[in-house]
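**Q** What follows is the residue order along each chain.
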Amino acid sequence: MTASEGVANPFLSVRKLNKLFGAFHALKDIDLDVARGEFVCFLGPSGCGKTTLLRAIAGLDPQNSGQITIGGRDVSNAPPSERDFGIVFQSYALFPNLTVAKNVGYGLVNRGRPRAEIAARVAELLALVGLPEQGEKFPGQLSGGQQQRVALARALATSPGLLLLDEPLSALDAKVRVRLRDQIRALQQQLGVTTIMVTHDQEEALAMADRIVVMNHGVIEQIGSPAEIYGAPKTPFVADFVGHMTFLDAVVAGPGRVRVGALEFLVAGDAGHPAGSSVRLAMRPETVRTRSIRDDEPNRFEARIGELAFLGSFCRATLEPTGSAGCRITAEFSANAIRDLAIAEGQVRAVSFPPESLRVFAGFPS
Amino acid sequence: MSEIAARMDAAARPPLAVRRPAIGERQVAGALILALCALLVLIIALPLWSLLSKSVQDVDGNFVGVANFVTYVTTPTLMASLFNSVFVATAATAITVPLAFLYAYALTRSRMKLKAVFTAAALLPVFAPSLLSGLALIYLFGNQGILKSWMMGAKLYGPVGIIGAEALYTFPHALLILTTALALSDGRLREAAEALGTSRTRIFRTITLPAARYGLISAVFVVFTLVITDFGIPKVIGGQYAVLATDAYRQVVGQQNFPMGAVVGIILLVPAIAAFLADRGSQKRQSAMLSARAVPYEPKPDARRDWGLFAYCLIVGGAIVATYGVAAWGSFVSYWPYNLSLTLKNYDFAEVEPSGWDGYWNSLKLSGLTAVIGAAVIFSGAYLIEKIKAFPKLRAFAHFLAMLPMAVPGLVLGLGYVFFFNASWNPLSVFYGTLTVLVVNCVAHFFTVAHITALTALKQIDGEFEAVSASLKVPFWTTFGRVTAPICMPAILDIAVYLFVNAMTTVSAVIFLYGADTKLASIAIVHMDEAGAVASAAAMATVIMATAIGVKVLHVALTALVFGRLQRWRRR
Numbered sequence: 001m002t003a004s005e006g007v008a009n010p011f012l013s014v015r016k017l018n019k020l021f022g023a024f025h026a027l028k029d030i031d032l033d034v035a036r037g038e039f040v041c042f043l044g045p046s047g048c049g050k051t052t053l054l055r056a057i058a059g060l061d062p063q064n065s066g067q068i069t070i071g072g073r074d075v076s077n078a079p080p081s082e083r084d085f086g087i088v089f090q091s092y093a094l095f096p097n098l099t100v101a102k103n104v105g106y107g108l109v110n111r112g113r114p115r116a117e118i119a120a121r122v123a124e125l126l127a128l129v130g131l132p133e134q135g136e137k138f139p140g141q142l143s144g145g146q147q148q149r150v151a152l153a154r155a156l157a158t159s160p161g162l163l164l165l166d167e168p169l170s171a172l173d174a175k176v177r178v179r180l181r182d183q184i185r186a187l188q189q190q191l192g193v194t195t196i197m198v199t200h201d202q203e204e205a206l207a208m209a210d211r212i213v214v215m216n217h218g219v220i221e222q223i224g225s226p227a228e229i230y231g232a233p234k235t236p237f238v239a240d241f242v243g244h245m246t247f248l249d250a251v252v253a254g255p256g257r258v259r260v261g262a263l264e265f266l267v268a269g270d271a272g273h274p275a276g277s278s279v280r281l282a283m284r285p286e287t288v289r290t291r292s293i294r295d296d297e298p299n300r301f302e303a304r305i306g307e308l309a310f311l312g313s314f315c316r317a318t319l320e321p322t323g324s325a326g327c328r329i330t331a332e333f334s335a336n337a338i339r340d341l342a343i344a345e346g347q348v349r350a351v352s353f354p355p356e357s358l359r360v361f362a363g364f365p366s
Numbered sequence: 367m368s369e370i371a372a373r374m375d376a377a378a379r380p381p382l383a384v385r386r387p388a389i390g391e392r393q394v395a396g397a398l399i400l401a402l403c404a405l406l407v408l409i410i411a412l413p414l415w416s417l418l419s420k421s422v423q424d425v426d427g428n429f430v431g432v433a434n435f436v437t438y439v440t441t442p443t444l445m446a447s448l449f450n451s452v453f454v455a456t457a458a459t460a461i462t463v464p465l466a467f468l469y470a471y472a473l474t475r476s477r478m479k480l481k482a483v484f485t486a487a488a489l490l491p492v493f494a495p496s497l498l499s500g501l502a503l504i505y506l507f508g509n510q511g512i513l514k515s516w517m518m519g520a521k522l523y524g525p526v527g528i529i530g531a532e533a534l535y536t537f538p539h540a541l542l543i544l545t546t547a548l549a550l551s552d553g554r555l556r557e558a559a560e561a562l563g564t565s566r567t568r569i570f571r572t573i574t575l576p577a578a579r580y581g582l583i584s585a586v587f588v589v590f591t592l593v594i595t596d597f598g599i600p601k602v603i604g605g606q607y608a609v610l611a612t613d614a615y616r617q618v619v620g621q622q623n624f625p626m627g628a629v630v631g632i633i634l635l636v637p638a639i640a641a642f643l644a645d646r647g648s649q650k651r652q653s654a655m656l657s658a659r660a661v662p663y664e665p666k667p668d669a670r671r672d673w674g675l676f677a678y679c680l681i682v683g684g685a686i687v688a689t690y691g692v693a694a695w696g697s698f699v700s701y702w703p704y705n706l707s708l709t710l711k712n713y714d715f716a717e718v719e720p721s722g723w724d725g726y727w728n729s730l731k732l733s734g735l736t737a738v739i740g741a742a743v744i745f746s747g748a749y750l751i752e753k754i755k756a757f758p759k760l761r762a763f764a765h766f767l768a769m770l771p772m773a774v775p776g777l778v779l780g781l782g783y784v785f786f787f788n789a790s791w792n793p794l795s796v797f798y799g800t801l802t803v804l805v806v807n808c809v810a811h812f813f814t815v816a817h818i819t820a821l822t823a824l825k826q827i828d829g830e831f832e833a834v835s836a837s838l839k840v841p842f843w844t845t846f847g848r849v850t851a852p853i854c855m856p857a858i859l860d861i862a863v864y865l866f867v868n869a870m871t872t873v874s875a876v877i878f879l880y881g882a883d884t885k886l887a888s889i890a891i892v893h894m895d896e897a898g899a900v901a902s903a904a905a906m907a908t909v910i911m912a913t914a915i916g917v918k919v920l921h922v923a924l925t926a927l928v929f930g931r932l933q934r935w936r937r938r
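Chains A and B, in that order, are what the protein sequence lines are.
For reference, each letter of the first sequence is one residue, going 1 to 366 in my numbering.
For reference, each letter of the second sequence is one residue, going 367 to 938 in my numbering.
Be a bit skeptical, because a hint or two may be false.
[Unchecked claim] Keeping only pairs whose Cα atoms sit at most 30 Å apart, straight-line, the calculated DSS-like set for lysine-lysine is: (1) Lys755(B) / Lys102(A); (2) Lys825(B) / Lys137(A); (3) Lys28(A) / Lys753(B); (4) Lys731(B) / Lys28(A).
Note that these hints are calculated values from the structure, not bench results.
Modelling step: build the complete structure from the supplied sequences, incorporating the hints.
**A** What follows is the structure in structure tokens.
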């Protein structure tokens, strides 16, 4: 994976970054470029190093080795106060003994601006995050979502070149989270501020980011647009972590063909695995087709509907291909399909998975 | 967010110019942490080192190895005081801890009435010098005691008096530890046991006692250490019964035998360090026993249990208040017990003690300065240790030194100060006998508890304030002044009051350090008692107690003000 993938003139660039906590290697040779105005999400399970990387960029937990450049300036050894960023934390980190207005103006007071100018700027920022007229309240009097918007206003007050968001939505209720996520994205697009957000919530990352950096065990697994990450995962980890995925042990039968037990699947790309090698075939549950399937449709097979779990707008089913005992494939059928086709447990139906929706990964070393 | 479109220029303007500080934050932080380490080395490590090195020297300062220790164990009178000390400490512990446990049980596990009153009654000894309980027992059971007949001919002056007075004085210390231990319990365990039809004694044996186990261990060690290192009580009520603490005093002040004083100090250090380690170990395990999801136990009303415990607390709490009350009453009496008419003549201290009321004013000055300087230094130090991320090794070193005084009895620290600040080679010896060295000694003596209080308060506030400040280019000292210190104001007040009360009542460390102009009230008590003016000694102790209680009441009122008016943000 090359560092400068698609970024010609990066605003932020990270080179060969390593971070150790004692014997634990938290970041391993991280290379990353972020373009000016871009919204990038660091996505991964807890302990993958995403927050460590963010804090290294901020200078809060300096790296052991490697280089960080922000806006063309090498800040690898600069303390946080000499880097140009604003930051928002999961805990909000609002100063509880200062009013909302004083919190937002906290970074402005220190710059010796006239009081009237600061007040005007604070009012502007509060209006920007949708909290006008709340300046005289204390943080404790606001809801969690409102507090997080105050924290956002405070981070933006000094017009930083880089906005860092450390799981800003994780402490909020589900509904508030979705609303605030749209607001943050809209604000970011209109201000054009380069933004990095850390999250463990794939839905959040897919909905907000221009590009997603998927991390695991201190390395970057894949960098790409949400569509690339979801539709063309480069590693089994990404495939499994983002969205649902069924993995089946398979053997390459020939160019573009893999065999799973008695079934043979056409795949759009077999990633160059030689015939006869064992691979894993990955299929997304929602790519299943079952409406008006032609007899000559590729990857068509008969399957029994096993358990059918109702999940609101869709149902998740276990498919058991007839004639392939023990093979289980997870599929999702929309509520429409369930109703129109009267899909029920125990039925045997014809289904297919389009070749371009299937991915092939190397098999487990035996 | 429809306003956004109209406001989109608001945050997109060019960055404001940053006034870069002339000196980097990192350098300031480093300098401050270094200064903290240097201070702690000076006021804690070096005096202790002086004590240790003095114990392996002869009177002329030549290295003699363990010769002094050999002399100690081969001198029967010295060994006798060691056994005496262990005996009274064991006996007082055996009396105090069970009594305090049941009292703590009543306060935490019943629906008894007047809990606040009983708590206050039990805490009374904290506000008086330890020797006041000795004076009170003299009023009650001494040669002229009004209840002398209760002694049935036994002699008060000696082990009996020491054990009784120590039990009174250490009661609140044991109680505080045990109340905390009993309050930290998962109510669901008990409910589960009750749902299974477990008998009450089995619940006590299998749930209550194991949960409080570590608290009990802590309490035993703490009481034992308090007794074995206490100087005031054996001094006033011990008679000819020698213990380690009075030996140390006699060796250093009476015979100027510094090396032997140092040996006694090191012997006193052993139980204190054992107590310290036991306490730390048990605290770790105690907190591990309680998951974050534990539900506090809410006792249900039970008339027989509640009134039984009420009667118990009435007897024990009543006995404490009555004893201290008798001492206070005695200080107003003309001629105990023959003429009980009230008088103020015992408060005319100049009659029996050359320093008169000066001792009290000196104590007030000492306590005030210790409270203000100590709270400022200790809280700022704890902030540097907890919140600054740079220089981890130096911060760990400072924390270690800050935790050390907990394991050092006042008497031992006082000896260390004598050896260090009185040494002829030490340019700081000009401070010996001044108020400065007394304040420094009190701050050092009570450093650890205040340090832990500050750390606890600091740990409770958001860990990212410094990170946010750095991102906003605000130096950490601005955030310390505008945010951290105001938020922690209740804890800072707690620390100041703790330091004030302890500086006011302490005898053991300062007895070696006062000078002609800096005699303290608590020391004047010892001297007046030595001179046979028991009523004046009780009067001075009563003044100290009244002052300490007054400051505590003021603290409660001030805390209410801070929470209510000055810190409006605390209200939701």
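**Q** Keeping to a limit of 30 Å between CA atoms, is the pair of Lys825(B) and Lys137(A) held or broken?
**A** The hint holds at about 25 Å.
**Q** Starting from Lys755(B), check that the Cα of Lys102(A) is at most 30 Å away, please.
**A** Cα-Cα ~26 Å, so holds.
**Q** Compare the distance between the alpha carbons of Lys28(A) and Lys753(B) with 30 Å, and conclude whether the hinted pair is satisfied.
**A** Roughly 28 Å separates the two Cα atoms, so the pair holds.
**Q** Within a Cα-Cα threshold of 30 Å, do Lys731(B) and Lys28(A) meet the stated pairing?
**A** 59 Å, violated
Going through the hint list in order, the structure does not satisfy hint 4, though it satisfies all others.
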